[in-house]
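Each chain, written out:
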Amino acid sequence: MTTAGTGSDRMISLAALRLGIEDPIVIAEELVTVDVDGLDQWFNQAAMIRVRLFQGADRLSEVDPLLAAGWSNPAPRFAVADLREAASASRQVVGAQVDAADLTGSVLRQTRTLVEGELTDAQEALIGIGWPPGQDLFSWAVDNGKVEPVAAIVTGLTGRLTELRTRNERALADLALPLRADPRDPVEALVAAGAGPAGNAADIAGAVGIGAAGIGAGFGIPMPATPGSGQVGGVDQANLDRLATDLQSTDLATQLMARGVQAALQKAAASGDGAQLLVYESPTSSSQGRAAVGIGDISVADNVAVLAPGVGNAPVNMVDGIGTAVALRNAAWHRSPGDKTTVVSWYGYEMPLGVMNGTPENPISALESMTSAIDDAHAREGGQRLAVDLDQFHQWAPDTARFIAAGFSMGSTTVSAAAARGAKLDDVLLMASPGASDDVETVADYPEVSDRHVFVTSFDEDPITTSVSDVTAAVLGNLIRPFPALPDFTPLGPDPADRHFGSQLIDVRTNSADVSVNLGIGPFGSLTNALTNELLDLEGNHQESNYYAGESLKAAAAVVTGQYADIPIKPGR
Amino acid sequence: MALELAVDTGLLKQAADALDDASALFDGRTSPAMASFPLTDTSLGNSAVAREVVAAARRRVEQAIETTALLAALVTEDAGKLRSAAIAFAAAEAAVPVQPR
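From first to last, the protein sequence lines are chains A and B.
Counting in the numbering used here, the first sequence runs from 4 upward without gaps.
Counting in the numbering used here, the second sequence runs from 130 upward without gaps.
Quick caveat, the hints were computed from the structure, so don't treat them as lab data.
Please note that a few of the clues may not be correct.
Listed below are several chain B residues computed to face chain A (Cβ distance under 7 Å; list not exhaustive) [unchecked claim]:
# : residue
1 : A135
2 : A144
3 : L148
4 : D150
5 : F155
6 : G157
7 : S172
8 : T197
9 : A198
Covered by chain B, according to a simulated footprint, are these stretches of chain A (three or more residues, beta-carbon under 8 Å) [stated by the list, open to error]:
#  : segment
10 : 72-83
11 : 165-176
12 : 419-429
We put the beta carbon where it would ideally sit given N, CA and C, even for glycine.
Given the sequences, and given the hints that come with them, work out the whole structure.
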């Protein structure tokens, strides 16, 4: 194995044995015999499959204009579009696996080279202290008073090879994660939907005078099927049935929400370990509708993290929240691979400004949505709903499961309101919070949450977490409301990052670059600067993706897995 | 419930042909045959994660192949339905009596 051949390796091996050191040659042999070529060869085939999935999906996209021009009924177009989306989702799964295998293969290959180098260096070091290769190393060291330097060289070699072995294992763990996703899931979901409603096949068939089993049969809108058993499985299926009905609704808001939830379920299923539709309520004239998608089977979970998003969201764009949930779940898995963590994307309250993301609303409800961002009324009402939903989730999860509620922005106000209403939570995580709602003054107002288990992440650069948002909301509130009153300067409740609140303020920095401008011209120059920079800070820092990234994401994962010693804490503001 | 339908059976047949193309692309009928799995249980090391990766790699790539086969079958099925629909529409159209001018 070394340049001097296996004889030197054998001498080092025997010396290690006699010195009571872990044999470095055994480690080296394991590392250099890793079959990287086999791994590459296997995933080359996966890369070809990725290409096939891309080409097939691409060809399917050419079908759409033909069907659009050839048949006024949209059902066949939906069916083909769903096939294309399923193929794309499977391609993403396979692509992530191929890319990860490529990176892991590079590390494994590099390790082989480094191992050879380490062995050569160690052998040269031994020769440097006078050891003649070929002689029994340990006997020579004893005879020549060189036991100490020989032990140091062999120990050092073992240590460095152990580090390389750890590096390999990390690289393999990075590959194991994407390999948890089954590429069949998105497509099998469509197959399962084949047993579902057949869309408007009967109408189409009736129009041309043949049976429903003929024209149009099978062009019903497919929907994902999810694993699940027992009680949660029944609820999951009931929700899926409601979703299937809404997918065929003639009401635009209902169908858009249903398609948004369907897309979220498909994305969740593609991330691996299945998805469950834990809550589904159709929209009404005064409601965005409600949905919650769990990634991972809640009935076997060790940890259940429920994520509440902030303003500007609605079930229509729920697929965005799935990205956050997947990121947190992956981070939790990296931190604690043995744990089963279910992350629930909970779109369960009337999120102010949901109209911004395509929720069709009439002008009155749109105005109501705008004004609702300036106080905590929706968050408090949502808190009550979250407390009820959490109670239900507890019944589906094992008794030993830990429950964590994490909220971003107005979602944090909602989570806080839920905790204030007695939601049973092991940990609360408030991120980018504009306030903890008027229901609370300190962590002592959470009856079921231990005061050391309320965590807060508030980037100093995020203006929403400072008093700016409260003052703005108070002033806006008085401008918009029909009967102005004295401004309430904490309309969203106390800042949970404040030292008097009593939370654990997580010591992490923003992942966004600090950008500021100087437009200081004229009499309003300084005001213009301040406003512009506030907006830049808002755009750069107050983003869910900024909080669920880097050290902040790692800290959130530590909260989810209960690894409290790894959560950096700093004094409150 | 009566529906007012606008149908161009020629375009439906073209769409069916395009679906057949897509099916062939998914199926990879022109691709070389898959090689057998080259790794053994300990090919990537003796650790638990190395063994897990070997097992998962085998399973996931095989499942990816199943995925393409399944997609190909579903797309072919839809192509068949479209052709049937085109034929039925054409037959229905032919059956409608022509109104005297």
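Status of the hints after comparison with the structure:
With a cut of 7 Å, the hint placing B:A135 at the interface with chain A holds, because the nearest CB-to-CB distance is about 4 Å. A cut of 7 Å between beta carbons decides the hint on B:A144: the least distance to chain A is about 4 Å, and the hint holds. Interface restraint check: B:L148 against chain A, minimum CB-CB distance 6 Å, threshold 7 Å, status holds. For B:D150, the interface hint holds, the least distance from its beta-carbon to any beta-carbon of chain A being 5 Å, beneath 7 Å.
Here the hint on B:F155 is kept, as its CB sits about 4 Å from the closest CB of chain A, short of 7 Å. At its closest, the beta carbon of B:G157 sits 5 Å from a beta carbon of chain A; the interface hint therefore holds under the 7 Å criterion. Annotation: B:S172 was flagged as interfacial toward chain A, and the flag holds, the nearest CB pair being 4 Å apart, inside 7 Å. Nearest Cβ of chain A to the Cβ of B:T197: about 5 Å, under the 7 Å cut. The hint holds.
Given the 7 Å rule on beta carbons, the hint for B:A198 is violated: about 10 Å separates it from the nearest Cβ of chain A. For the segment 72-83 of chain A, the stated coverage by chain B is satisfied: 8 residues place a CB nearer than 8 Å to a CB of that chain, which reaches the threshold of 3. A count of 5 residues in the segment 165-176 of chain A with a Cβ less than 8 Å from any Cβ of chain B is obtained; the coverage claim is therefore met, three being the minimum. For the segment 419-429 of chain A, the stated coverage by chain B is violated: 0 residues have a C-beta nearer than 8 Å to a C-beta of that chain, whereas at least 3 were required.
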